[in-house]
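Go ahead and model the full structure; you've got the sequences and the hints to work with.
Number of protein chains: 4
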Amino acid sequence: MKADHAQVTRLLKTARGQLDGILKMVEEDRYCLDVSNQLMATQSILKKANRMVLRAHMDSCVREAVDSGDPGEKLEELAALLDKLAD
Amino acid sequence: MKADHAQVTRLLKTARGQLDGILKMVEEDRYCLDVSNQLMATQSILKKANRMVLRAHMDSCVREAVDSGDPGEKLEELAALLDKLAD
Amino acid sequence: MKADHAQVTRLLKTARGQLDGILKMVEEDRYCLDVSNQLMATQSILKKANRMVLRAHMDSCVREAVDSGDPGEKLEELAALLDKLAD
Amino acid sequence: MKADHAQVTRLLKTARGQLDGILKMVEEDRYCLDVSNQLMATQSILKKANRMVLRAHMDSCVREAVDSGDPGEKLEELAALLDKLAD
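Chains as they are written, first to last, in my numbering: chain A, 1487 to 1573; chain B, 1487 to 1573; chain C, 1487 to 1573; chain D, 1487 to 1573.
Treat the hints with caution; some may be incorrect.
Because identical chains share one entry, a pair is satisfied inside a single copy or across any pair of copies.
Unchecked claim - Computed cross-link-like contacts, DMTMM-like style, restricted to lysine to aspartate or glutamate with a CA-CA straight-line distance of at most 25 Å:
1. K1499 x D1569
2. K1534 x E1513
3. K1499 x E1550
4. K1488 x D1520
5. K1533 x D1556
6. K1534 x E1550
7. K1534 x E1514
8. K1499 x E1513
9. K1510 x D1545
10. K1560 x D1490
11. K1534 x D1553
12. K1510 x D1490
These are computed hints drawn from the structure, not numbers from a lab.
Take a look at the structure:
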């Protein structure tokens, strides 16, 4: 994976810490909307990590595949990804 | 635009017809959630048109830019688009 | 519909104007990503109109149903809507 | 939280297991799009958990607040939540 490993790892560990927190909130029977808010906040962190991964993918893997003269598979993957994200 | 013009045009005209319908619903003071549902249905049609446009863009413009040996701008646009859609 | 009719109508007419513009862009065979950007901008306007409609629905219809002592149907509709939007 | 604790907990533990897997994928320098796909799959699980939490919130907390004759705060929270989700 071409994104900065330290940055992505930090985000993922934050998300995991939040998940542990939410598990505890469920156990302690905390208020529904507090749980819901934390779930949405964790989704946002994963989104941010995903955008970081995709940006680096474009700048590295896709660019290299294009430079190598055989970008077919990479472009097909990108088209499928765009289709999924635009849904 | 490289997507099938007839197909995209048909979707856009359907969306426009729905918008006209929603404008009439507002005028007739119809029920909020009926208006809301129609608004979301129209958003879905525009999404579908957008996916069609993006798929054809990948298959034509991006592919051709790559084949021409000067794909830099196209790849940069794609990276920005992915970043927007993944948000 | 309880939202300000003039405000919602203005947004819907803006969206319709944009759709007309996009239809013309397709006809003139404009660049894919310009079409795509306009499609996403129009989706944003419809989202904004929808949020306006939903806010007023909460403040009027739901509130009144609760005050009338028979909110069952309204609450069920809301639960279904939340489920759809959270997907 | 009113949703079935066992079901929500199971989803959260699945999500946490996936996060651990993604952390390992990053460490092992796995392919960007494999990491991205796992990130999106984990987001989907959190979405599913959130929908479960919100459905139970509607059926329990909101319903009870309405029955108690003092639903103002609950309805205001819901309006804010709808606004966020419809964005």
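Hint by hint, which ones does this structure get wrong, listed from lowest number up? 3, 5 and 11
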